[in-house]
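So the protein lines, in turn, are chains Z and A.
Every number in my numbering is 413 more than the matching position in the first sequence, counting from 1.
Every number in my numbering is 21 more than the matching position in the second sequence, counting from 1.
Quick caveat, the hints were computed from the structure, so don't treat them as lab data.
All residues carry an ideal CB built from backbone N, CA and C; glycine is no exception.
Hints are supplied without guarantee of correctness; some may be wrong.
[Unchecked claim] Keeping only pairs whose Cα atoms sit at most 25 angstroms apart, straight-line, the calculated DMTMM-like set for lysine to aspartate or glutamate is:
hint	chain 1	residue 1	chain 2	residue 2
1	Z	Lys600	A	Asp114
2	Z	Lys609	A	Asp114
3	Z	Lys609	Z	Glu532
4	Z	Lys609	A	Asp96
5	Z	Lys606	A	Glu231
[As the list claims (entries may be wrong)] Where chain Z lies over chain A, by a calculated footprint (3+ residues, C-beta under 8 angstroms):
hint	segment
6	49-58
7	119-130
8	190-201
9	281-291
[Unchecked claim] Residues from chain Z shown here face chain A by an in silico Cβ test under 7 angstroms; the list is partial:
hint	residue
10	Ala605
11	Asp607
12	Lys609
13	Thr627
14	Pro628
15	Gly629
16	Gln630
17	Phe662
18	Leu663
19	Pro664
20	Ala666
21	Ala672
22	Ser675
23	Gln677
Here's the letter readout for the chains.
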Amino acid sequence: MNRQVSKEKTVKLRWGALTLAGVLALAACGAESEAPTVAAGGDGGSLVWAVETQPITFNPHQWGQNKARLLVHNQFDALIARGGNGDFLPWLATSWQVSKDGLTYTFELRDDVTFHDGERFDAASVKANLDQLVSPGYNAAVSAIQLRNFDHAEVSAPYTLKVTLKAPDGLFLDFLSSPLAGQVSPKSLKNAKDLKAGGVDVVGTGPFILDRFTPGQEVHYRRNPNYDWPPAGAAHQGPAHLAEVTYRFLPEAAVRVGALTSGQVQVIEGVPATEIGLIKGDPELTLETSLNSGSAFSYYFNVSRPPFDDKRVREAFRDAVDVDAVLDSVYQGAAKRAWSVIGQGSPQFYDPSPENTFGNDPARANRLLDEAGWNERDPEGYRVKDGRRLTVRTISAAPFVRDRRDILAQAVQAAVKQSAGIDFQVKLVDQGTAQQAADENEYEIFENSRGDTDAGAALNLILPKGAAINRTRFESAELDRLLTDASATSDLAERKKLYAKVQKTVVTDEALLLPLYVPADQIAYGAGVTGITFEPVSGTPNSAYDVRIGT
Amino acid sequence: MSPLTLTRRRGLAAAGWLGPAARRLGAGVAVLWAAATAAYLALMLAPGDTIDVLIGDGLDTPERRAQIIAEWGLDRSPLQQYGDYLLRLLQGDLGHSYVLQRGVGEILASQIWPTVQLALTAATFGVLLALVLALATAGRRSWLGGLVGLSELAVVSVPPFLVGILLLAVFSFTLGWFPVSGDRGFVSLVLPGLALGLQIAGVLGQVLREGLERALEEPFAVTARSRGITEWRLVAGHALRHALLPAVTLTGWFTGALLGGAIIVEAVFGRPGLGQVTVGAVNSKDLPLVMAIVLISALAYVTASTIVDLAYLAIDPRLRRSR
Chain Z
414 MNRQVSKEKT
424 VKLRWGALTL
434 AGVLALAACG
444 AESEAPTVAA
454 GGDGGSLVWA
464 VETQPITFNP
474 HQWGQNKARL
484 LVHNQFDALI
494 ARGGNGDFLP
504 WLATSWQVSK
514 DGLTYTFELR
524 DDVTFHDGER
534 FDAASVKANL
544 DQLVSPGYNA
554 AVSAIQLRNF
564 DHAEVSAPYT
574 LKVTLKAPDG
584 LFLDFLSSPL
594 AGQVSPKSLK
604 NAKDLKAGGV
614 DVVGTGPFIL
624 DRFTPGQEVH
634 YRRNPNYDWP
644 PAGAAHQGPA
654 HLAEVTYRFL
664 PEAAVRVGAL
674 TSGQVQVIEG
684 VPATEIGLIK
694 GDPELTLETS
704 LNSGSAFSYY
714 FNVSRPPFDD
724 KRVREAFRDA
734 VDVDAVLDSV
744 YQGAAKRAWS
754 VIGQGSPQFY
764 DPSPENTFGN
774 DPARANRLLD
784 EAGWNERDPE
794 GYRVKDGRRL
804 TVRTISAAPF
814 VRDRRDILAQ
824 AVQAAVKQSA
834 GIDFQVKLVD
844 QGTAQQAADE
854 NEYEIFENSR
864 GDTDAGAALN
874 LILPKGAAIN
884 RTRFESAELD
894 RLLTDASATS
904 DLAERKKLYA
914 KVQKTVVTDE
924 ALLLPLYVPA
934 DQIAYGAGVT
944 GITFEPVSGT
954 PNSAYDVRIG
964 T
Chain A
22 MSPLTLTRRR
32 GLAAAGWLGP
42 AARRLGAGVA
52 VLWAAATAAY
62 LALMLAPGDT
72 IDVLIGDGLD
82 TPERRAQIIA
92 EWGLDRSPLQ
102 QYGDYLLRLL
112 QGDLGHSYVL
122 QRGVGEILAS
132 QIWPTVQLAL
142 TAATFGVLLA
152 LVLALATAGR
162 RSWLGGLVGL
172 SELAVVSVPP
182 FLVGILLLAV
192 FSFTLGWFPV
202 SGDRGFVSLV
212 LPGLALGLQI
222 AGVLGQVLRE
232 GLERALEEPF
242 AVTARSRGIT
252 EWRLVAGHAL
262 RHALLPAVTL
272 TGWFTGALLG
282 GAIIVEAVFG
292 RPGLGQVTVG
302 AVNSKDLPLV
312 MAIVLISALA
322 YVTASTIVDL
332 AYLAIDPRLR
342 RSR
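Next up, chain A with everything else stripped away, as it sits in the complex (with noise of 0.2 angstroms):
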């Protein structure tokens, strides 16, 4: 092959890059305008009157009511709180909570990274854990397959709270070993992030481990195994490949089972985050936080999926070449 032919490969390489990122860009604006427009019309639709929220168990008098619709800007129709809703939007103006009594923006910033962090690590533990459990236990049928395959089972049936709750009572409780709660750096972060990932693990190790089987067995793998490759390179090198592509696909949902397990997490182990501001907001129908949490994990999921697209072509050039 020339050097010639090889930069134009190059060049044609990135160009097939191009076209699919811009779709996944314009697509992924659409799904968070539409995610704004749905939050807005389930609050709107969702029985109980705001007013009635924001009197709560106080007094309920005509003067008390024309307050707080004055004080909230509730007398615009529905309509127009939406426009006005979409265009602070657009100015980055995420409102300001009718319970917490600060402004969204601030409150979201403050609880953001501790969720991350934890979401982070709940991955890292995920993917390591489900890495090193399929490698070890693919494409062999012993006792410890069959161990590992129900250990994975159990664990994605056991909920995060229960799992967390013992994590804590071996761990922190008894041996002591880890904080029961708080941000204290990543020592806190070890019993959350496994409670969380472990979930994860089990879902993708089960994949990942079907797909290496299902590789070893194709005929690309005798080759190899006939040109005298250890079995060690031909899974990670070879096999491994194949059978990322389903575990990528599994990405999207792995953002909402984090994101939806953090809530629970979060409240177990006493951690600042998203999730408990989630489900406060949600309780108390603090209309403006939750249009903003339904936007963060519009984000999360749009940004998730479009890593997850262009990880396919990153993985398997036969689709950048297809396009």
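Only chain Z is shown next, with the shape it has when bound in the complex (with noise of 0.2 angstroms):
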């Protein structure tokens, strides 16, 4: 009887679990129905883009973010746009003059352009944004770095605008161009909810309109109907091809790959090396790479406490590694080797001269930790100077790291260890831990890159004597000189020398640093999109103005 009763059971559930699968199924048919459709024809259609990053900031003034920057010239425009060779290109500015002395600067200004909320884009709102950046407690960064030399701005004519300076800056108009000086509404500036967070009601002038911001999950712009004042060098004129776009969060890279591979998204921003391959061999997919401005990625050593006070150590440690193996074993090739404190990405300042002069040379790094009195080993095969081992450690800050950086450090940790007995310890911790490391200088290595537009701004923070991120501790009249005059002027030939001047000293002569790669942005995009494009000099995404989908 028993045997009976569970059979009469088993049938019971079977139907149950039917059931399941056939609700299951229905919802799959409803999610089917819901899958984005790429509408194509007269009113441009809609395009969805996955990034990696969510912004911390709507409000360009407060951008700080290089992941974040393909979005802030959908909804906001500059003064002034750069060109492939880094010049300066009008854009809602029509025409500058710089006085003799380079303390004064004329803005001459479009006149037909307005805000999304209505309101009149003129001189005075240009001096309204400037004031509001270097108001107490708004950007502290901006107003004690950026706009250090700012003196005041005055309006002389509607749409012309006098800004002086305390000291001349050769970086005054690329930080008009950069991201940071996107113009803002005088209405936003003064009423919006919460300024410094922007959104929906922090407005600008771009090309698109930020109608929609769900934390976590997406933002969503529509076409600014009126747009017709792109930069010099855009692609087409009036509004943007799209009708509306939509950026997507997924943080985890697998995820964007596969949404895009499985047509859910036709964008993504920021392919992992491991990725590479499966996009390279899917005939309808396209991927685009280009290097980021600023300096390179690099290990910074410290000078200020052993072992790397001895210029031999640091030497030593270079020529243990074999960069283009361990870049090619994390990166799969995908990565480009850096050989200065200023990447690839920016060939105006770049100097080749330090390639192929330093590194793999393991026998050159035992001779030279020899000399140093490194030239004992423990048991586990480490060098040992007075019973101390050769031990260096890096310290940095989870949130910070990205390309697989973890993983870098741990083939160069194997690769210093194999060649040359030295102990890397690779410590990822919270930004609090890093920071207090960082204050009390425990640490022997400093990993960093910046993503400046102008690579002079990232050597400014780095190198001279109690810079903010002067991690190596270097001091030296002679390179701080070489940095004051290189920022001092515009003539971009003059800066280049002096900057070569900086690479040689700190690269080649005092072996600062050990380059690795130059970071860079990847995009893949599915067929019928065109119109991706990356910025000239920052390298990072364009805004989404010249992207077209469909036929």
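Dock chain one against chain two, each of which comes alone in its own frame, and use the hints as you go.
Quick look at the structure:
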């Protein structure tokens, strides 16, 4: 009897399982009908773009994440654009004059530009933006660094603005072409509920209007139908091609790639090296890579404490690593090797002379370490001097680790142990702990790359005595003078010459760093998408203004 | 039994509920206060200075430090700041995020509903699956039971991150049945709900089956069978009630698994929610936001365990009388 009963039970349960399967299948049908449709034709269609990073803020004045740069110029325009070889091109400013002493800039502005809220763009609104940027408590970093030489702005005609500086500043125009100088409606500056956070009520003059932000999920823009003031160098005039564009935040690289290959999004930003083969193998997909401007990703040696106070140890560390082999194993050939503190993504200032002058020479590394007194070995094979092991530590904050830099560090760790007996310890910690290690000088290696459009801005933060992230703790009056001179002039040829000297000093003469790779942006997109480009100087993806979809 | 005795017994039952319920609520408030204090202390003791965090990579000058200290009121003593914090908390003011530059209450309000939705869906999936599997296999030493037991062990052992990626790879990337991301109604909840719910189903299923099997061997089961009751009614009507008690005890663990798992599942599926906010806040040492999230999690735990305690009373009448 028992057996019969259990049979009956089984039958009932089978029905239950079938019902459950049916419900799931029904839900699935719903999914199919809701899948994103690519509308083609007259209205320009809509596009979904999966990005890695959700911006902390939508206010351009507060911008700080290079990975969020591609969003800024959808909503905001700057006064000045950049050309392919680093020159400054008109945008909202049609022309500008610099006085002989380099202290007065006179800008002529476009007279046909309106903000998304209907406010007129004119000299007064530019002045309002500059005054806001230096107002206390708003963006202390900008007022202390980029605008430290800004004195005042005055409206000399409705569309003419005169800016006076306290000292000549070769980086002032670069600042005006950066996302930080995106023009915000004066009405928003006054009335926005959370001005620093930005959002739908902090508006600009850009080709798209932000109309929906769902934190953790996506941001949605619709076309600005009145737009007619693209930067010089844009591929077309008038309003954007796309009627709407959605940027979806997908922090997992594998998920982004899956979403692209299954057609759920049309464009993705941030393609991990492990997936590049898959994308290249798919004839429907296109992959584009662009080197970022700024400083290369490097290991900076802390010269204020042993063992890197000894230049021989610094050189030995560089010679102990076969950078090409390490990059190949971690990025499968997708990374561009760096040779200097400035990356090849900043061709205006990059100096190629250090190329192939150091690295991958274990014999020399071992000889140098022997000479420096690290000539004993402990049972584990590490070098020892006066009973202390040759240990160097890098301490980095987890939120800033990207591009598999933790894996890269492990590869370097294995290389220096094997070829020279150096104990390289890699520590991944929270931001507070990393900051504490830096403050207390408890580290030997500092890893960093910076994405500044003007590589000089990056060097000003890393190299001078007492600079914000001078973690090499190297000090040289001569070096500081070179950097100051290079920042004061806007003559590109002169700056290139000065920065070549800087690079020779820190890379070749002093061996202050081991340059590893040049950070790059990768974009992959499906068939039917055109107009995906990169910003000429920064090398980061452009806004969606020129992007088209469909036939 | 006369109608009179019946009413009196019902009244007694209601009174039996009151005491335990009041005690639980009082304890809940104490736990919340303790959680707020512990969160505050932990962040005070965590390495790194708040001012350093706020400065970040920017220029570090005495003027800037002074400005930040004034802006965030960091010059008061820790005790004073703690007092102010509790006071504002009582007024329902959770403070202002250092990093996101918005009100904490507003951030949480916009992010809590997607997480609640995800957690409820996952819990429903988990409980349903566990019930179905346990009822289907309890008391039978067949290959089916062994297989289910093995798969339960497997889903408990695999981290939700991997489960999520696998589910996406099959049902979204390959079959295209479900969308990869977002908060688009029930359809977009199925995969994340499953990724999170499977773990619960695994643990709960094992506990339930074991409980059922133990109950089916007890004397009352023999008596019931001898009365001619069908096996199905015996399992569903009698044994299940016995098996539920240990399972309900797990609800507290469940709340933790749902909150913790949500952090990962939300990131994998690109869903809005508290999980992503939590990761960002902890990494950037965004004090006010971290404290608010700790409080909310504590509130979820307290609510869950209060409900569990009251559920005991509902399931097992003996507990009511004994108090």
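Results for each hint:
Proposed proximity of Lys600/Z and Asp114/A is contradicted: the alpha carbons are some 28 angstroms apart, above 25 angstroms. Proximity of Lys609/Z to Asp114/A is assessed by CA-CA distance (about 20 angstroms); at most 25 angstroms being required, the pair is judged to hold. The straight-line distance between the Cα atoms of Lys609/Z and Glu532/Z is roughly 20 angstroms, inside the 25 angstroms bound, and the hint therefore holds. Between Lys609/Z and Asp96/A, the direct Cα distance comes to roughly 23 angstroms. Compliance with the 25 angstroms bound is thereby established for this hinted pair.
For the hint pairing Lys606/Z with Glu231/A, the CA-to-CA distance comes to about 56 angstroms; that exceeds 25 angstroms, so the pair is violated. With 0 residues carrying a beta carbon less than 8 angstroms from a beta carbon of chain Z, the segment 49-58 of chain A misses the three-residue requirement, and the given coverage is violated. Against chain Z, the segment 119-130 of chain A contributes 6 residues with a C-beta closer than 8 angstroms to a partner C-beta. That satisfies the three-residue criterion, and the hint holds. Closer than 8 angstroms: that is the beta-carbon criterion, and the segment 190-201 of chain A has 11 residues meeting it against chain Z, so the requirement of 3 holds.
Coverage of the segment 281-291 of chain A by chain Z holds in this model, with 5 residues showing a Cβ closer than 8 angstroms to a Cβ of that chain against a need of three. About 11 angstroms separates the beta-carbon of Ala605/Z from the nearest beta-carbon of chain A, more than 7 angstroms, and the hint is not met. This hint holds: Asp607/Z has a C-beta 5 angstroms from the nearest C-beta of chain A, less than the 7 angstroms allowed. The beta carbon of Lys609/Z is positioned within 7 angstroms of a beta carbon in chain A (closest approach about 4 angstroms), and the interface hint is therefore held.
Hint status for Thr627/Z relative to chain A: holds, with the closest Cβ pair at about 5 angstroms, below 7 angstroms. Among the interface hints, the one on Pro628/Z holds; its C-beta lies about 6 angstroms from the nearest C-beta in chain A, closer than the 7 angstroms criterion. The interface hint given for Gly629/Z is met, as the beta carbon of that residue sits about 3 angstroms from the closest beta carbon of chain A, less than 7 angstroms. A cut of 7 angstroms between beta carbons decides the hint on Gln630/Z: the least distance to chain A is about 4 angstroms, and the hint holds.
Checking Phe662/Z against chain A: minimum C-beta separation of about 6 angstroms stays under 7 angstroms; hint holds. At about 4 angstroms, the closest approach between the beta carbon of Leu663/Z and any beta carbon in chain A falls short of 7 angstroms, and the interface hint on this residue holds. For Pro664/Z, the suggested interface contact is upheld, since its CB lies about 5 angstroms from the closest CB of chain A, less than 7 angstroms. Taking 7 angstroms as the C-beta contact cut-off toward chain A, the hint placing Ala666/Z at the interface is violated, the least distance being around 11 angstroms.
Proximity of Ala672/Z to chain A holds as hinted, the smallest CB-CB distance being about 4 angstroms (cut-off 7 angstroms). Because the beta carbon of Ser675/Z sits about 4 angstroms from the nearest beta carbon in chain A, less than 7 angstroms, this interface hint is met. Because the beta carbon of Gln677/Z sits about 5 angstroms from the nearest beta carbon in chain A, less than 7 angstroms, this interface hint is met.
Going through the hint list in order, the structure does not satisfy hints 1, 5, 6, 10 and 20.
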